[in-house]
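S.K.: Residues per chain are reported as follows:
2 protein chains.
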Amino acid sequence: MTYLDLYNSIIKKRSFLCVGLDTDFAQIPDQLKNLEFPLFEFNKRIIDATAMYAVAYKPNTAFYEAEGALGWRQLEMTVDYLRKKDPSLFIIADAKRGDIGNSSEKYAKAFFEKMDFDAITLSPYMGKDSIMPFLKYPGKWAAVLALTSNVSADDFETLPLLGHIQMLDDLSAMYNSEGFFYSTTETVGFPLFKSVIEKSMRWGNINNIMYVVGATRPQKLAEIRIFCPNHFFLVPGVGSQGGTIAEVAKYGMNKHCGLLVNISRDIIYAGNGKDFADAAASKAAEAAKEMSIFLKD
Amino acid sequence: MTYLDLYNSIIKKRSFLCVGLDTDFAQIPDQLKNLEFPLFEFNKRIIDATAMYAVAYKPNTAFYEAEGALGWRQLEMTVDYLRKKDPSLFIIADAKRGDIGNSSEKYAKAFFEKMDFDAITLSPYMGKDSIMPFLKYPGKWAAVLALTSNVSADDFETLPLLGHIQMLDDLSAMYNSEGFFYSTTETVGFPLFKSVIEKSMRWGNINNIMYVVGATRPQKLAEIRIFCPNHFFLVPGVGSQGGTIAEVAKYGMNKHCGLLVNISRDIIYAGNGKDFADAAASKAAEAAKEMSIFLKD
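Protein chains in written order, with this note's numbering: chain A, 1 to 297; chain B, 1 to 297.
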């Protein structure tokens with residue numbers, strides 16, 4: 001799927017909603033728990049109820065792996081079901097993978113060949129080797145972690161880099177023989193996540209790389225848009241984690257929308273009784289309605 | 001398993017060898033390919049042939065996921081087989097996981113409850129939230145990526161951080177109101193991987209955290225030992241990737257060995273005929289013999 005395919009799907013559905021399928025066996029309604037494939041049966045009902053409001057779905061592999069090989073089987077079944085339900089859906093594996101080249105090739109095979117995902121979330125820590133194997137697949141995407149929605153994103157993602165300097169006083173800025181900056185006034189380092197985005201933008205293009213940027217610090221979306229105006233952002237953290245659609249749209253939207261806003265728990269666990277799918281549909285409809293306002297222009 | 005349990009196992013076997021089970025369906029001998037569980041059957045023969053020379057095994061999840069749910073089943077079977085074969089073996093999931101807290105909890109369940117791994121490799125990018133759920137399990141370990149063996153480790157892992165300064169001229173060193181360093185002489189930033197190790201050392205202890213440090217830049221092991229003297233290092237990159245046992249031992253060993261040196265392809269694909277397991281045993285024996293020299297004192 002290309003950038004424009006995704007944009008057209010957003011315009012057609014008047015929504016940039018991604019439904020996160022963080023399907024936890026402990027949290028699904030009791031009436032499903034004794035079925036042979038409880039996670040899949042839950043997902044199937046959620047998908048049927050919400051597909052008219054969503055352009056993307058994002059199963060989180062952690063929840064399927066927690067159920068062992070049977071969980072992995074239900075992940076496969078979920079992708080198959082999504083693909084048949086609506087071929088325009090963008091299906092993201094929230095897998096946070098990333099390894100040396102020959103291992104990343106195997107992960108790419110797992111998620112793009114054995115399963116028909118459109119995209120996979122990847123950790124950039126190990127650098128280019130760990131991302132490139134995923135970009136070899138035409139129409140498939142790497143969703144690279146940039147600034148995540150969790151509190152401890154500040155442990156490393158926002159640390160300022162010395163090799164990445166804003167010169168506040170150009171006249172006094174100089175470099176020493178190792179290439180490190182020194183100044184007679186002061187220096188400000190740019191955060192690691194900025195380096196992640198700027199470097200990885202050169203490894204692919206707007207048709208195969210998007211960035212994970214959390215909704216919990218929406219002003220950061222605007223800062224990132226300055227140096228990354230055209231890429232899609234996959235934005236988690238709306239709902240349970242505290243972010244809002246309005247702020248994400250205000251700070252993160254570009255002229256081709258450029259946003260997939262993920263909501264997981266607030267939609268899929270909106271209800272817990274026999275009507276859980278209806279409750280999910282209401283929440284998804286509500287989110288899509290709010291999103292449609294920002295798509296008017 | 002504690003730090004001392006691992007040390008005792010190393011002393012008993014006179015080896016700090018970890019055999020990497022990067023079991024690739026395309027590379028296993030043809031006579032196994034038509035079996036119901038070819039990856040497992042291959043692993044079983046490799047384990048039987050090498051268990052007397054190895055203290056640890058490290059299945060790489062990428063290779064199992066590439067075979068879908070059936071691959072995941074064979075990963076489970078491999079862990080079960082290792083546990084029964086020799087309860088002293090240290091079993092590492094080379095999974096490179098890491099996500100927000102509630103997802104990492106599910107990964108911990110997958111690898112420490114559904115499967116009986118002793119350790120899992122984790123990417124530190126998302127910070128403390130993504131590591132802590134694994135440290136709640138007594139006797140289980142997080143193997144945190146620090147400086148990896150691949151070329152593109154330099155993309156981010158070795159970038160110098162501004163907030164992490166060595167003061168070359170203390171008299172002129174000052175901090176501005178944002179806490180950023182400025183100096184009238186010059187500043188040198190410490191690399192990201194150092195910050196990863198120093199911060200994460202405080203999240204656990206030598207009994208539940210080890211670090212992944214590649215063998216491809218062995219002098220770095222000595223640099224890391226200065227600020228991280230007591231933790232175990234899981235060292236990939238020996239063999240196919242170019243590192244050597246002698247250099248890793250020289251620069252990385254501490255008084256309780258403190259090393260698990262992983263060899264994957266050089267052992268498991270030493271042969272490709274009917275005698276592939278014997279060929280693997282020879283290579284493992286050779287590695288263990290070399291390691292035993294460094295364990296003499």
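Don't take each hint at face value.
Pairs involving identical chains hold if they fit within one copy or between any two copies, as the list cannot separate such chains.
Unchecked claim - Below 20 angstroms or equal to it, Euclidean Cα-Cα: the simulated SDA-like pairs (lysine to any residue) are:
id	residue 1	residue 2
1	LYS220	ASP80
2	LYS140	ILE293
3	LYS220	GLY68
4	LYS220	TRP203
5	LYS114	ALA26
6	LYS296	ILE11
7	LYS109	PHE37
8	LYS33	LYS114
9	LYS109	GLU286
10	LYS255	GLU105
Since the hints were derived computationally from the structure, they do not count as laboratory data. Quick caveat: nothing in here was measured; it's all calculated off a predicted structure.
S.K.: Each hint: holds or not?
M.R.: Here's how the hints hold up against the structure:
1. Proximity of LYS220 and ASP80 under a CA criterion of 20 angstroms is satisfied in neither setting, with 36 angstroms inside one chain copy and 46 angstroms between copies.
2. Taking the closest pair of Cα atoms, LYS140 and ILE293 never come within 20 angstroms of each other, the shortest separation being 29 angstroms inside a single copy and 49 angstroms across copies.
3. In this assembly of identical chains, LYS220 and GLY68 lie within 20 angstroms of each other by CA distance neither inside one copy nor across copies; the values are 37 angstroms within and 38 angstroms between.
4. Taking the closest pair of Cα atoms, LYS220 and TRP203 never come within 20 angstroms of each other, the shortest separation being 23 angstroms inside a single copy and 28 angstroms across copies.
5. When the C-alpha separation of LYS114 and ALA26 is checked against a cutoff of 20 angstroms, the pair qualifies only between copies, where the shortest distance is 15 angstroms, while the shortest distance within a copy is 28 angstroms.
6. In this assembly of identical chains, LYS296 and ILE11 lie within 20 angstroms of each other by CA distance solely inside one copy; the values are 9 angstroms within and 70 angstroms between copies.
7. For the homomeric pair LYS109 and PHE37, the shortest alpha-carbon distance between copies (19 angstroms) is at most 20 angstroms, but the shortest distance inside one copy (24 angstroms) is not.
8. Proximity of LYS33 to LYS114 under the C-alpha cut-off of 20 angstroms is restricted to the inter-copy arrangement: shortest distance 18 angstroms between copies versus 27 angstroms within a copy.
9. Proximity of LYS109 to GLU286 under the C-alpha cut-off of 20 angstroms is found in neither arrangement, the shortest distances being 36 angstroms within a copy and 34 angstroms between copies.
10. In this homomeric assembly, LYS255 and GLU105 never come within 20 angstroms of each other (Cα to Cα): the closest approach is 34 angstroms inside a single copy and 38 angstroms across copies.
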